[in-house]
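Peer 1: Chains as they are written, first to last, in this note's numbering: chain A, 1257 to 1577; chain S, 7 to 253.
If you're looking for bench data, these hints aren't it; they were derived computationally from the structure. Worth double-checking, as some hints may not be accurate.
[As the list claims (entries may be wrong)] Simulated DEER-style distance windows between Cβ atoms:
{"id": "1", "chain 1": "S", "residue 1": "Val158", "chain 2": "A", "residue 2": "Pro1500", "range": "26 to 32 angstroms"}
{"id": "2", "chain 1": "S", "residue 1": "Ser199", "chain 2": "A", "residue 2": "Gly1268", "range": "51 to 57 angstroms"}
{"id": "3", "chain 1": "S", "residue 1": "Ala236", "chain 2": "A", "residue 2": "Gly1383", "range": "37 to 43 angstroms"}
{"id": "4", "chain 1": "A", "residue 1": "Asp1495", "chain 2": "S", "residue 2": "Asp74", "range": "28 to 34 angstroms"}
{"id": "5", "chain 1": "S", "residue 1": "Ile191", "chain 2": "A", "residue 2": "Asp1337", "range": "47 to 53 angstroms"}
{"id": "6", "chain 1": "A", "residue 1": "Glu1563", "chain 2": "S", "residue 2": "Ala250", "range": "36 to 42 angstroms"}
{"id": "7", "chain 1": "A", "residue 1": "Ser1432", "chain 2": "S", "residue 2": "Trp39", "range": "49 to 55 angstroms"}
{"id": "8", "chain 1": "A", "residue 1": "Asn1324", "chain 2": "S", "residue 2": "Ser199", "range": "46 to 52 angstroms"}
[Unchecked claim] Which residues of chain S face chain A? A few of them, derived with a C-beta cut under 10 angstroms, are:
{"id": "9", "residue": "Lys123"}
{"id": "10", "residue": "Leu140"}
{"id": "11", "residue": "Lys184"}
{"id": "12", "residue": "Met194"}
{"id": "13", "residue": "Leu242"}
We put the beta carbon where it would ideally sit given N, CA and C, even for glycine.
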Amino acid sequence: MSVLIFIDHSEGQVKKVSLEALSYGAALAGQLGVSAEGILLGTVGMDLSTLGRFGAKKIHQAAQEGLNHLDAQVYAKIIADAVTATGATVVIFPNNFSGKAVAPRVAARLKAGLVSGAVALPDTANGFVVKKTVFSGKAFAHVALNTPLKVIALNPNSYPIREGEGSGSAEVVALSVTATAPKVKVVSATQATGEVPLTEAELVVSGGRGLKGPENWGIIEDLAKALGAATACSRPVADSGWRPHHEHVGQTGIAIAPNLYIAIGISGAIQHLAGVNRSKVIVVINKDPEAPFFKAADYGIVGDAFEVVPKMTEAVKKLKG
Amino acid sequence: MKILVCISKTPDTTAKISFTQNNTKFSSDGVQWIINPYDEWYALVRAIELKEKDPSTVLHLVTVGLADTEPIIRKALAIGGDEAIRVNADSADPFYIAAQIADVARQGGYDLIFTGKETIDYNGSSIGGMVAELMDWPYIPLAVKFELNGTVATVVRETEGGEETDEATLPLLVSCQKGVAEQRIPNMKGIMSARTKPLKVVEPVAAETLTSIVSFELPPAKAGVKLIPADNPAELIRLLHEEAKVF
Ligand SMILES: Cc1cc2nc3c(=O)[nH]c(=O)nc-3n(C[C@H](O)[C@H](O)[C@H](O)COP(=O)(O)OP(=O)(O)OC[C@H]3O[C@@H](n4cnc5c(N)ncnc54)[C@H](O)[C@@H]3O)c2cc1C
Ligand SMILES: Nc1ncnc2c1ncn2[C@@H]1O[C@H](COP(=O)(O)O)[C@@H](O)[C@H]1O
């Protein structure tokens, strides 16, 4: 018996969300008294045995370069076969773009109960109950998985990466697979390089309509750069083409849960809050003291963004030397 | 060419979220129900556009829900589509819902199925992938663009901080989000004709319920905002660093 953790990677790198999933899976394995094992399809530029630091005992790897690109249908079959072969009872995915594509397929294929968007370890005292976000982050549900095999997709930034002491080393085992030909052909892919993906970012600086126009985004970018943060925006900002669509957060955009969310010139409409209210610390900069966002904030400045934000950037730079 | 669009019913985005019966049931008191925005604005409208381009296209809508979902499905029909199928069942388990949709899909012999990106109440993002697996179809999630040329679909989908252009031959299942189409408001003609469009009610097929919601919980209220004077942003940065310790 084991907990099997899907290790997502791109461009030769294991993603941060995979380390979160590994840490979560290892803690769950400890709770259940079984071993934590990783599964990685494709190749990465690191020694996989070092993933033992996050608690994995074994890493099953299908080291075929053809698998470096994720095809949901191909992956689901391989993972489902591996679940059966390894006798895993729980499968963990990061609930990122890859997890959203593959986890439901694996669950349906194996008739396993699925909870996607998990934010905490399962309660196994009485059954198997997992806490997840619902209503776009406005509430949580406790969902019971009533099947012998369970699939959990863990929300990014919901579980801390835990590195064990010493040199935990995982055994790397070759996974023999007969990969089927993908039915989806990838024509091209673009990746914003050098940027932190919004869903993985720990610090986020976000701008709204209060910034008046795209030409004023310099102050947002400067603050983000000084902090090493990702940038985001409200929906009307993306709709007006001031910022790219993938920066739009909220109920109809991306839901994020960074450690710090700085909202600048954003009123705090309920649909915006839905996507960001799980941030650990919320800072609001708005010239209107009545802006609803202040009710959801931990820290705030009532003031003009064009005056306040550059001074914040200066202070960050000073602090970081 | 036959297209099936999956339509679900969700509380309005401004609905106050609260629970009853010892936090085990969503309180629908005063809640306005709408078509799940992703289903209405993107999946349905793109399917209608495909039908407008090729009028021989047959466009069906499916919803898994009890009789109280009928106003929603009628509203969807007012925007477009030839007929709707309602599977008379109520469930929050994605596998159960997916099994119903897959059965309707098999019976109807569709070439293309659209879902929304996710439901804004349960946020599973899982029905599409499950239906695709049950049908053994390819699945392209989180599309921001969809083009069809004969039986070959070109789909741009969102990836972590980027985009990917995919190509696949039908049959295919795609989950739709912003970019795929522009929201449409139903007009009077649409509303009138929707009244007479067929709405078939079918009983669910046997399927297992693999999960159940035990209870709900609201996030703890915030302690209140700490305001820093506008002439001292450096103090805010100090607090974030020393007190909140976020960087
Ligand atoms: C179904 C539905 C779904 C939606 N989904 C989303 C979503 O996912 N994400 C989202 O963001 N919105 C969403 N919305 C839109 C949402 O309701 C709001 O309209 C939107 O969030 C407002 O964006 P904003 O705060 O940038 O702009 P505004 O509401 O115009 O607010 C601008 C703010 O900037 C402040 N300001 C102006 N000048 C300055 C200055 N110089 N310095 C400091 N502050 C200043 C103003 O006081 C004001 O509070 C949705 C709406 C609907 C109906
Ligand atoms: N009860 C339902 N009936 C029909 N379609 C549904 C139902 N629930 C979800 N869907 C479809 O599946 C998509 C994803 O839902 P979910 O996996 O619940 O986030 C939605 O956008 C709908 O298109």
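Peer 1: What are the numbers of the hints the structure violates, in ascending order?
Peer 2: Going through the list in order, the structure violates hints 3, 6, 12 and respects the others.
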